[in-house]
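Trainee: Here's the letter readout for the chains.
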Amino acid sequence: MFEKTGIPSKEMVMEKFPSQDRINKGPVAIVECYREIPCNPCETACRFNAIRVGEDINNIPQINFDKCTGCAICLSKCPGLAIMIADGSKSEDTVEIKIPYEFLPLPGEGQVVKGLDREGKHITDVKVLKVTNPKSFDRTPVITIEVDRKFLYEIRNIRVEV
Amino acid sequence: MKQAEIVVIGGGPAGLCAAMSAAKSGAGVLIIDRNKSLGGQLVKQTHMFFGSEKQYASTRGIDIPEILLKELAKYKDKVEIKTNSTAVGFYEDGVITVLEKEDKYYKVEPKAVVVATGAYEKFLSFPNNDLPGIYGAGAVQTLMNVHGVKPGNRVLMVGAGNIGLIVSYQLMQAGVKVAAILDAAPKIGGYLVHASKIRRMGVPILTSHTVKEAIGKDFLEKAVVCKVDEKFNPIPGTEITFDVDVMCISVGLTPLNELLAMRGCRMKYVPQLSGLVPVRDENYETTVENIFVAGDASGVEEASAAMVEGYLAGLCAAAKIGYKPDDFYERRKDYMNQLNNLRSGPAARHILAGLDQIRR
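Residue numbers (the numbering used here), protein chains in the order written: chain A, 1 to 162; chain B, 1 to 360.
It is worth saying that the hints were derived from the structure and are not from the lab. Where hints are given, some of them may not hold.
[Said to hold, decoys possible] Straight-line C-alpha distance at most 27 Å; calculated DSSO-like pairs for lysine-lysine:
no.	chain 1	residue 1	chain 2	residue 2
1	B	111	A	121
2	B	187	A	4
3	B	54	A	121
4	B	222	A	121
5	B	150	A	114
6	A	4	B	111
7	B	122	B	107
8	A	4	B	177
9	A	4	B	227
10	B	2	B	101
11	B	187	A	16
12	B	78	B	231
13	B	187	B	122
14	A	4	B	2
15	B	187	A	135
Isolated chain B, as found in the complex (with noise of 0.2 Å):
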């Protein structure tokens, strides 16, 4: 049995700074993430990021992993990196179970857990969607920015939320032709400034439209689509078919928490938080003791509030465990204060709206 004071699982933008939180505050942590390298969804966002300096804002998601992974290097000695590493497991006596690289598995008792695990893609159902061509945004990221690989040649985009919009801008970048986006919602969801630099490349947006359904023999050729009402019902007689090779499902994620499901912690399904969270008071801990969430995986949100996320929770676990620095206050209240910026405008209505659902 490994031991450890910390464990946080997942190294994305909400692990990373967890790890750093507590480790800055004189805590050991061990950082579990699945992937061979660390940064999560991060390493695939060519895009500048929103927010304020403190949330690097007006920086590109893709460099953001080695400003954060150079700060974390000042407290080397009291953090131990794990990738390739699952963590498959996680008990009620407080074991976590860990498979690295699928040939060692191990147990680690720590005193304290952050779970920052993201969140999955959904998908939509349709005639033909298994058809080869038929991606989620997040394979389609994975592809053209960490592998260099175009998915396609003509893509439909679903989905018109910030996902949505950027993957498409991020497609055309490619040389990637993109037909549309569309959206069943009857407005764009993302920000529209995104929608407006995609719309002024000449790529038309059609809001309450939805797809029905996939046409080709070995691969997707062809993608048929029509309108729907305000209750979501196609409309007959509105088909439009689109030529296309690529289809980009991009209707949303799903926060990714079994493992504090498996622990015990309570969950409620909240969905302006898209799906099912764990109940958590202001400093991120949920109703188990010592264990804090953090990112996605406590309510889809922007990646500048899950980092900030990150700091308050490994903060917090530290301060649980014996590490209360002397600026704990105060370092506390900035976090807050941060989150409540970040929350307080139109586009995170109903996160405030979510949040008040599942406060212990």
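Chain A on its own, in the form it takes in the complex (with noise of 0.2 Å):
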């Protein structure tokens, strides 16, 4: 199905997640990239070593999450924007996560914006927490929103209504 609507599945989704345990710990990268094709930015950005494509750039790229440290250059580096950071770490109820987002308007930090899942669809109300937009971003913000724990594995979007 993932060929004919660019929907992946929940359990290729869930495939890319470090465990709950990883997340809680602190900022860690998820690469949805579940398809071949020639690319290796994220490995060549990485400063911990933390992310393989190898020798043939076609490699889908592989994650060592006990070397991330959720930086989230990679996020910003990804031509097909397929990165996402989530972080555990800061409350029980709640995770923090990165997200790029290349429209305007960008929302504004403590904004209540819509989250959306994979197609699109609106699942949660969101807190804006933070909004990075430096020269090295290269025109990809990085959006900062912290989300009910229970929309994890769904959350992957927002829209900012105007």
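Build the complex: two chains, separate frames, hints provided.
Mentor: What follows is the structure in structure tokens.
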């Protein structure tokens, strides 16, 4: 179905996630690159050697969750915008999620926006904690949102209503 | 008659890299491009490129011409650039005729040529496909990303290849609503990371669907689409009507290389490379000596491959006319390895199958 709709199945998504324990320890990257394409900037960007693509740049990136610090450099470098960061260390009820968001208007910090799943369906409202848009991110702003833990595996996008 | 060592026809990604590569080897290069400025289609590509560092991966396409032109400027004593200039003929005696700004017409006689003329868009037949509001994807990108003009308010994208997916995303970035993306094929043709990022904006992707007709009096008002079976025949009763004022046709490209055919290069129809392409050797030299090809003109592929083909063709063209640098074999091997690497995955399987058919 993924090839027909662009929506990965729940199983595909789960396979890319680290354990809950790892997420609760602190920020970590989740690389949703499901199909082999010739591309390796995530590997090149990682200063901690946590992402490996290898000599054949068509390989699917493999991430070492122990080495990953969740620094989000790869998130801004991925041409497919396929990377997000999850951090479960801040609260028992919520997780902090970082996603790329290349649309205007950017949300404001503290603003409540629509939280969307991988189909673009509104599943919950989320609070914007931070908007990071330095020059080094090259016009791929990164939005940090606070999300109810039960949507950890569903949340993937936001909509800012104007 | 103007004399030149190497003429590069087309100043897009392949042509710019070919010129740079040839000039780096010491050859004099004349770039001829019909547009006002160089860069070809790169000037419209606001998204980050795939590939690896050597092909400027993760850099936005719009920023690549500047990088390449800066590099090219290092060889400015060797390089002459003619913009607003169209190569209109390429004759058996090796002479190229050029029309500059529609009033100056002259001949050039080069020792070697790299044809990097790119590709043109395919179109789709359906009733009323000439209504205003029905565009090719290239035109939509030119309007939006070059001139800052919104093509309309609500778009139906026809074609889920990389261009259709990317242009849909760019339309949404410009504040245009994309009603749906459809494709007659049973599967999404473009990279699925692109598909996913559009899908999570809420845009449906309808595979096995085609356009039945366009409806409108003075301009497009509605588009009727329907499902197709495995043989691409419309299935009656499956029609869906979209209220849209723009239909964007993105059903693929065809190599633009009539100049090579005119010059007498052996051409072959290769579906996997999207049309008629020149037979060539591994150095990208065609069946006519000292005539090289690079980029989409040699078969439609990603811009990253076009750039590497340009480097390779420029290097080999310069070597053929006496500018063979000490590191020739090293550079050639590097470019060939890069191409192999870009093409080694499942996304490029059709390209390899196509290349097998045109190897000299």
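Trainee: Hint by hint, say whether it matches the structure.
Mentor: We went through each hint and held it up to the structure:
1. Distance check on the hinted pair: residue 111/B and residue 121/A sit about 60 Å apart at the alpha-carbon level, beyond 27 Å; violated.
2. Using a Cα cut-off of 27 Å, the hinted pair residue 187/B and residue 4/A holds, with the two alpha carbons roughly 5 Å apart.
3. Among the hinted pairs, residue 54/B with residue 121/A is inconsistent with the structure: their alpha-carbon atoms are about 38 Å apart, more than 27 Å.
4. Only pairs whose Cα atoms come within 27 Å are accepted, and residue 222/B paired with residue 121/A is accepted, the gap being roughly 25 Å.
5. A threshold of 27 Å between alpha carbons decides the hint, and for residue 150/B with residue 114/A the separation of about 26 Å falls inside it, so the pair holds.
6. Between the alpha carbons of residue 4/A and residue 111/B the distance comes to roughly 50 Å, so the proposed pair goes past 27 Å and is violated.
7. Restraint check: the Cα-Cα separation between residue 122/B and residue 107/B comes to about 31 Å, which exceeds 27 Å; the hinted pair is violated.
8. The suggested pairing of residue 4/A with residue 177/B holds, with an alpha-carbon distance near 21 Å, which does not exceed 27 Å.
9. The hinted pair formed by residue 4/A and residue 227/B meets the criterion: a straight-line CA distance of about 13 Å does not exceed 27 Å.
10. At roughly 17 Å between alpha-carbon atoms, residue 2/B and residue 101/B fall within 27 Å of each other, so this suggested pair holds.
11. At most 27 Å may separate the alpha-carbon atoms for a hinted pair to count; residue 187/B and residue 16/A meet this at roughly 23 Å.
12. At roughly 54 Å between alpha-carbon atoms, residue 78/B and residue 231/B are farther apart than 27 Å, so this suggested pair is violated.
13. Restraint check: the Cα-Cα separation between residue 187/B and residue 122/B comes to about 19 Å, which is no more than 27 Å; the hinted pair holds.
14. As the CA atoms of residue 4/A and residue 2/B are separated by approximately 54 Å, the hinted pair breaks the 27 Å bound.
15. Restraint check for residue 187/B and residue 135/A: the C-alpha separation of about 37 Å exceeds 27 Å, so the hint is violated.
Against the hints set out earlier in the document, violations occur for numbers 1, 3, 6, 7, 12, 14 and 15.
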